[in-house]
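Participant: Take a look at the letters that make up each chain.
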Amino acid sequence: MDALLIELCSPFQKASTFVIKTVQGTFREYLFLVHLQKENAGLKQRIAELQKENDQMKEMAIAHERLQKLLQFREKISSSVIAAEVIGQDPSSWFKSVTLNKGEKDGVRKGMAVISAEGVIGQILKTAPDYSTVLLITDYNSAIDSIVRRTRAKAIVEGKGENRCLLKYLLRADDVVVGDIVVTSGLGGNFPKGLMVGDIKKVDKRGHGIFQHAELVPSVDLTKLEEVLVITESSLPIHEEKGKKGKKVK
Amino acid sequence: MRRVFLPLFLGILFLTLQTTLLMSLPIQRIRPDIVLILTLYLGLSYPPISGGILAFFMGYLMDLFSGNVLGLYSLSRPLIFYLAQIFKDRVYLEGFLSQFLFVFLSAAVEGFLLLILFSGLNPSPLGNLYPLLFTVLLPQSFSTALITPILFPLFRRGSLFLSNPKGMRIRETG
Chain A
1 MDALLIELCS PFQKASTFVI KTVQGTFREY LFLVHLQKEN AGLKQRIAEL QKENDQMKEM
61 AIAHERLQKL LQFREKISSS VIAAEVIGQD PSSWFKSVTL NKGEKDGVRK GMAVISAEGV
121 IGQILKTAPD YSTVLLITDY NSAIDSIVRR TRAKAIVEGK GENRCLLKYL LRADDVVVGD
181 IVVTSGLGGN FPKGLMVGDI KKVDKRGHGI FQHAELVPSV DLTKLEEVLV ITESSLPIHE
241 EKGKKGKKVK
Chain B
1 MRRVFLPLFL GILFLTLQTT LLMSLPIQRI RPDIVLILTL YLGLSYPPIS GGILAFFMGY
61 LMDLFSGNVL GLYSLSRPLI FYLAQIFKDR VYLEGFLSQF LFVFLSAAVE GFLLLILFSG
121 LNPSPLGNLY PLLFTVLLPQ SFSTALITPI LFPLFRRGSL FLSNPKGMRI RETG
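Line by line, the protein sequences are chains A and B.
Numbering-wise (this note's numbering), the first sequence opens with residue 1 and increments by one.
Numbering-wise (this note's numbering), the second sequence opens with residue 1 and increments by one.
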């Protein structure tokens, strides 16, 4: 009799226990999940914070490297310079200029040369008490007296709009090849002699006339300018390194 | 007074955005000229004198912050403004396509005008500028036209608010 009763009741007991265990388990898992969710959110936030910190550190390291390079260059050149930050670009796509956070109050004047550790950037076009505008060497209105470092051939570097310049008034008889480095001649008075302008990417001797055409790519990436140096007065020419011989044009 | 100073403030704000935030776009050639969109909107909704002065001022600001020494935008922006004034009663500018086409053509016309003036007024010959039509003019006109359908309705709401702030509030609350 006892066994029969046990046999009859046990399935209900079993079912009841199963239901209770399931409910209890679900509840426990839910509570655990809620806790886990909270922990997950906390960890995600912590990762985001660390990521942000990491990005800031990386940015600081890059800025440090850039400024170190600029400082080394500043020590190397014999001119007195003002360091400035680029705060804006040209609003139009037709012209090439940047705005600096230094102006007349800091000693910046119209026509002053603007350079970076990599080379020539442009010259001061407009000034305000606290800000100034730089005309980049790639602008159509820009022209800089230059020489080819290897052969000392004289030319005028004119802007061509995009990230390119044109070497004008380069005599056909002058030996100029692709890869030749072009530096400032110092004749204009604004730029000290020997500053890197860029390297020749294309030479065209076809056609008639006394001049040949050459295209130059600036040594500075003018689309990624951040810090620059404004030369307030240039005294001695910059010490030039021995020119590298470029590839011959076929 | 508000109808003059607010667009002026908006013009300065747009110019700031154009010289900073929009420069960080991955493709620099595709950089919309949001000041031009504002000038065109003024051409469609403002009276000729006050709107013309505003357009001139915005062009002057563009010249001031660019490497342009000839003052080309001070000339082109009022011209574009009056061009929009001429067409404001002749074109239906409610849909995406009409707004897109109107701004695309206006930006292209201004680009042509700038190219002609720039090559004509420059003392030394500039060589062949026509590649710029494809590398600068078309991408910029296209990107400017593309964001117009977003900005025009916002300007319209702003204009409504300026002309009748109470009415706007009633409309908004239902």
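Calculated from the structure, these hints are not laboratory results.
It should be emphasised that the depicted structure is a prediction, and the values quoted were computed from it without experimental measurement.
Each residue gets a CB set at the ideal place from its N, CA and C atoms; glycine is no exception.
Just to be clear, a hint being listed does not mean it is correct.
To be verified - Over 10 angstroms on every C-beta distance to chain A, these chain B residues come out as not near it, computed from the model: (1) 3; (2) 6; (3) 31; (4) 44; (5) 45; (6) 65; (7) 67; (8) 73; (9) 85; (10) 97; (11) 109; (12) 111; (13) 118; (14) 132; (15) 142; (16) 162.
Claimed, not checked - Simulated pairs of lysine to any residue, SDA-like, Cα-Cα distance not exceeding 20 angstroms: (17) A:110 with A:126; (18) A:110 with B:20; (19) A:224 with B:16; (20) A:224 with B:20; (21) A:126 with B:131; (22) A:202 with B:131; (23) A:224 with B:74.
Participant: Holds or violated: residue 202 of chain A and residue 131 of chain B, Cα atoms, limit 20 angstroms.
Facilitator: holds, 18 angstroms
Participant: Please work out if residue 224 of chain A and residue 16 of chain B have their alpha carbons no farther apart than 20 angstroms.
Facilitator: With a Cα-Cα distance of about 18 angstroms, the restraint between residue 224 of chain A and residue 16 of chain B holds, given a limit of 20 angstroms.
Participant: Hey, does residue 65 of chain B actually stay past 10 angstroms from chain A on C-beta?
Facilitator: violated, 5 angstroms
Participant: For residue 31 of chain B, which was marked as not at the interface, is the minimum beta-carbon distance to chain A over 10 angstroms?
Facilitator: Violated, since 6 angstroms does not exceed 10 angstroms.
Participant: Does the structure keep residue 126 of chain A and residue 131 of chain B at a Cα separation of 20 angstroms or less?
Facilitator: Between residue 126 of chain A and residue 131 of chain B the Cα gap is close to 29 angstroms, so the pair fails against 20 angstroms, i.e. violated.
Participant: Tell me if the straight-line CA distance from residue 110 of chain A to residue 126 of chain A falls inside 20 angstroms.
Facilitator: holds, 6 angstroms
Participant: With the threshold set at 20 angstroms, check whether the alpha-carbon distance from residue 224 of chain A to residue 20 of chain B stays at or below it.
Facilitator: holds, 12 angstroms
Participant: Far enough from chain A: is every CB of that chain over 10 angstroms from the CB of residue 6 of chain B?
Facilitator: holds, 20 angstroms
Participant: Using Cβ atoms and 10 angstroms as the threshold, tell me whether residue 85 of chain B really stays out of contact range of chain A.
Facilitator: holds, 23 angstroms
Participant: Please confirm whether residue 3 of chain B is truly not at the interface, meaning its C-beta sits more than 10 angstroms away from all C-beta atoms of chain A.
Facilitator: Per Cβ check, residue 3 of chain B is outside 10 angstroms of chain A; nearest 24 angstroms; holds.
Participant: Is it correct that the beta-carbon of residue 97 of chain B has no partner in chain A closer than or equal to 10 angstroms?
Facilitator: holds, 24 angstroms
Participant: Would you assess whether residue 45 of chain B, listed as outside the interface, keeps its beta-carbon beyond 10 angstroms of every beta-carbon in chain A?
Facilitator: Its Cβ never comes within 10 angstroms of chain A, the nearest being 23 angstroms, so this holds.
Hint check: violations occur at hints 3, 6, 7, 8, 12, 13, 14, 18, 21, 23; the rest are consistent with the structure.
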